[in-house]
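Mind docking chain X on chain Z? Use the hints.
2 protein chains.
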Amino acid sequence: MTNKVFFTPGPSELYPTVLAHMQSAMENKIGSISHRSQQFKDIYAHAVAGLRRLLQLPDNYEVLFLSSANEIWERAIQNLVQEESFHLVNGSFSKRFYEISAELGKKTNKFEVPFGEGFRPEEVAIPDTAELVALIHNETSSGVSIPVADIAQYRQSAPKESLLFVDAVSSLPHPEFDYNQMDSVYFSVQKCFGLPAGLGVWLLNERCLAKAHALQKSGISLGSYHTIPVLVEKGRAHQTPETPNVLNLYLLGKVVDDMNKKGIATIRQETETKARLIYDFLEKSKNFEPAVQNTAFRSLTTIVANTRIPAAELNKLLAPYDMAIGSGYGSYKDTQIRIANFPAHTVSQVEALLYELESLGV
Amino acid sequence: MTNKVFFTPGPSELYPTVLAHMQSAMENKIGSISHRSQQFKDIYAHAVAGLRRLLQLPDNYEVLFLSSANEIWERAIQNLVQEESFHLVNGSFSKRFYEISAELGKKTNKFEVPFGEGFRPEEVAIPDTAELVALIHNETSSGVSIPVADIAQYRQSAPKESLLFVDAVSSLPHPEFDYNQMDSVYFSVQKCFGLPAGLGVWLLNERCLAKAHALQKSGISLGSYHTIPVLVEKGRAHQTPETPNVLNLYLLGKVVDDMNKKGIATIRQETETKARLIYDFLEKSKNFEPAVQNTAFRSLTTIVANTRIPAAELNKLLAPYDMAIGSGYGSYKDTQIRIANFPAHTVSQVEALLYELESLGV
Numbered sequence: 001m002t003n004k005v006f007f008t009p010g011p012s013e014l015y016p017t018v019l020a021h022m023q024s025a026m027e028n029k030i031g032s033i034s035h036r037s038q039q040f041k042d043i044y045a046h047a048v049a050g051l052r053r054l055l056q057l058p059d060n061y062e063v064l065f066l067s068s069a070n071e072i073w074e075r076a077i078q079n080l081v082q083e084e085s086f087h088l089v090n091g092s093f094s095k096r097f098y099e100i101s102a103e104l105g106k107k108t109n110k111f112e113v114p115f116g117e118g119f120r121p122e123e124v125a126i127p128d129t130a131e132l133v134a135l136i137h138n139e140t141s142s143g144v145s146i147p148v149a150d151i152a153q154y155r156q157s158a159p160k161e162s163l164l165f166v167d168a169v170s171s172l173p174h175p176e177f178d179y180n181q182m183d184s185v186y187f188s189v190q191k192c193f194g195l196p197a198g199l200g201v202w203l204l205n206e207r208c209l210a211k212a213h214a215l216q217k218s219g220i221s222l223g224s225y226h227t228i229p230v231l232v233e234k235g236r237a238h239q240t241p242e243t244p245n246v247l248n249l250y251l252l253g254k255v256v257d258d259m260n261k262k263g264i265a266t267i268r269q270e271t272e273t274k275a276r277l278i279y280d281f282l283e284k285s286k287n288f289e290p291a292v293q294n295t296a297f298r299s300l301t302t303i304v305a306n307t308r309i310p311a312a313e314l315n316k317l318l319a320p321y322d323m324a325i326g327s328g329y330g331s332y333k334d335t336q337i338r339i340a341n342f343p344a345h346t347v348s349q350v351e352a353l354l355y356e357l358e359s360l361g362v
Numbered sequence: 001m002t003n004k005v006f007f008t009p010g011p012s013e014l015y016p017t018v019l020a021h022m023q024s025a026m027e028n029k030i031g032s033i034s035h036r037s038q039q040f041k042d043i044y045a046h047a048v049a050g051l052r053r054l055l056q057l058p059d060n061y062e063v064l065f066l067s068s069a070n071e072i073w074e075r076a077i078q079n080l081v082q083e084e085s086f087h088l089v090n091g092s093f094s095k096r097f098y099e100i101s102a103e104l105g106k107k108t109n110k111f112e113v114p115f116g117e118g119f120r121p122e123e124v125a126i127p128d129t130a131e132l133v134a135l136i137h138n139e140t141s142s143g144v145s146i147p148v149a150d151i152a153q154y155r156q157s158a159p160k161e162s163l164l165f166v167d168a169v170s171s172l173p174h175p176e177f178d179y180n181q182m183d184s185v186y187f188s189v190q191k192c193f194g195l196p197a198g199l200g201v202w203l204l205n206e207r208c209l210a211k212a213h214a215l216q217k218s219g220i221s222l223g224s225y226h227t228i229p230v231l232v233e234k235g236r237a238h239q240t241p242e243t244p245n246v247l248n249l250y251l252l253g254k255v256v257d258d259m260n261k262k263g264i265a266t267i268r269q270e271t272e273t274k275a276r277l278i279y280d281f282l283e284k285s286k287n288f289e290p291a292v293q294n295t296a297f298r299s300l301t302t303i304v305a306n307t308r309i310p311a312a313e314l315n316k317l318l319a320p321y322d323m324a325i326g327s328g329y330g331s332y333k334d335t336q337i338r339i340a341n342f343p344a345h346t347v348s349q350v351e352a353l354l355y356e357l358e359s360l361g362v
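Sequence order for the protein chains is Z and X.
Mapped onto UniProt numbering, the consecutive letters of the first sequence carry residue numbers 1 to 362.
Mapped onto UniProt numbering, the consecutive letters of the second sequence carry residue numbers 1 to 362.
Okay, chain Z solo, but in the shape it has when bound:
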């Protein structure tokens, strides 16, 4: 039994209602129902309708369910890139998408800035040959965001035929995207949706579908059970090609319901309030400082700070108070901390964390 509150950047704290929904899932034996039954189709349709409402998603977008953001990276390249992709890189996850494209035999280009830095659209030259342009809205490793308003500028400078991808793995539902300025967005449920891991959600428009069809027509293999055409066809029938993670789909629909009841405006506002509390604390602290210098690029959902004390030490000090924060990513493990600011985290939990960090004199 643990009462620990997880401020780790995903898997993270579960949304407060997950426990009750899991109990009702077990009582209703959701883990036993057929994935070809009407009951499953209703669960699928419910999750999609809820997400459309929460994200204010235009009708020309499909909502697809895969296993992870890793899988989405791979399927995106496999289904949408014949020759070449282009990537903004400023941390481990944006770099990984870039690497995956190369591992699948594509020509890859990147515009890279150091870990912890952001991008200025006017400095980014996107090659005319890029078929997929990968933006990283929120780099979970470094805590750097792309301001939502900048995305339209990338759309302007990207080749007209290219597909603009936005990684919002650890930021949605906070960012208020203009989905007309992009072609695809994706996220993982174990970040801001406060669910157990095992599901990646892929939003893509009709231009992605058309490109996949065109590649397929030219004789290129898009894969097998998880090609975009198959996923879209099955998805429109509220089905998946394989037996999916039914339980998580059920929980997603329920949590999205709860988020809709709360209202996206309130969720956004609370996210901003909590982010302000955390950054204010970091600015004043003598042991921490925000890792991202430029305030315009600071993530609101995965907040990274330089630290004098490694996260492992801090977590030992926080353990008696039932709290855990994230360590820095990769080689920043001991010199940075990461604090998740997700919808599952309440204002009072954040206040308690900051109070303890201050009281500990660290």
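Since the hints were made in silico from the structure, they are not lab data.
Some clues are possibly wrong.
To be verified - Interface residues of chain X toward chain Z, partial, derived using beta-carbon atoms under 8 Å:
no., residue
1, Thr8
2, Met22
3, Met26
4, Ser32
5, Asn70
6, Glu103
7, Ser157
8, Lys160
9, Gln190
10, Leu247
Backbone N, C-alpha and C fix where the C-beta goes; we use that ideal spot for every residue, glycine too.
For chain X alone, kept in the frame of chain Z given last:
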């Protein structure tokens, strides 16, 4: 709230202890822990050790976790077949593996018998050029099994360099395989392991790893995050490349514990007892008959019968008694039923089902 007992062939009845394990998972916040933590590595190692013991798996086999059997089919072809695969086909799932190979651009060969029929090893000519030979131990759509003892004959007649694959999606842990006569076996957790769907388990030996390395060395792309070399490397460190379905991995380890406590011999014996009860009932019934004529080929875990009354009608009659059976697969939806006989189903539950089917006069 439902007390329905699911005799559907997967997703199916959850193993009786899953409810308690899920409760303890939620109390211990397994859904929130980092997939890079020692706690996760322990969960991973525990599931692997339990499976090794339950299945009596030799040390030269790796245990890998993917998202579904569909994914395992695709990764197998992508990682292990340069030119050509060969498939035994006698139903929808064995056919799907064959199709996936073609969709990935490989040359495919098959030996096909009609739905509901089995294979005689002496009649199967495996081409010398086959790199992967796909056997279907248990065809979930038609209820046909390959007798375990026949597998050695396929190994004899298959090209020496070829990799012998055994689909045990809906039969393990019952079959007592000689793992030295094959190179890979795989199953889904929502069948005989009585878990929620969202995890495919892939067992493969050092010959598979060597072949994947050889293809990679020759410049062939094996994919990206889920190549065999990456999965094996991460797996040996009790990790996965992506954030996996942590909760299901935890539940798998716990259920396998319970199965080991019960003992594989008892599980096998009970499976055989229940299968005999069901087949005896079907033989005597005037409304059903076993769909598989040859008793040597009858599945013990997914039992298929021809029916005069469609499953949808039967399930309406069974609903007041809190029971559900599976319909026939695909075009057999109304003319066949499928009864799952998994470790989660107790002898008394099976007796109750047969009693009701008899009492209903059907």
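Quick rundown of the hints versus the structure:
A least Cβ separation of about 6 Å between X:Thr8 and chain Z falls short of the 8 Å threshold, and the interface hint therefore holds. Satisfaction of the interface hint for X:Met22 is found here, the shortest Cβ-Cβ separation to chain Z being roughly 6 Å, below the 8 Å cut-off. Hint on X:Met26 holds. Least Cβ distance to chain Z is approximately 6 Å, under the 8 Å limit. Using the Cβ-Cβ criterion of 8 Å, the hint placing X:Ser32 at the interface with chain Z is satisfied: the shortest such distance is roughly 4 Å.
Because the smallest distance between the Cβ of X:Asn70 and any Cβ of chain Z comes to about 4 Å, under 8 Å, the interface hint for this residue holds. Hint on X:Glu103 holds. Least Cβ distance to chain Z is approximately 4 Å, under the 8 Å limit. Annotation: X:Ser157 was flagged as interfacial toward chain Z, and the flag is violated, the nearest CB pair being 28 Å apart, outside 8 Å. For X:Lys160, the interface hint is violated, since its Cβ never comes within 8 Å of a Cβ in chain Z; the closest pair sits about 28 Å apart.
A distance limit of 8 Å between C-beta atoms decides the matter here; for X:Gln190 the minimum to chain Z is near 6 Å, and the interface restraint holds. This hint holds: X:Leu247 has a C-beta 4 Å from the nearest C-beta of chain Z, less than the 8 Å allowed.
Of the numbered hints listed earlier, those contradicted by the structure are 7, 8.
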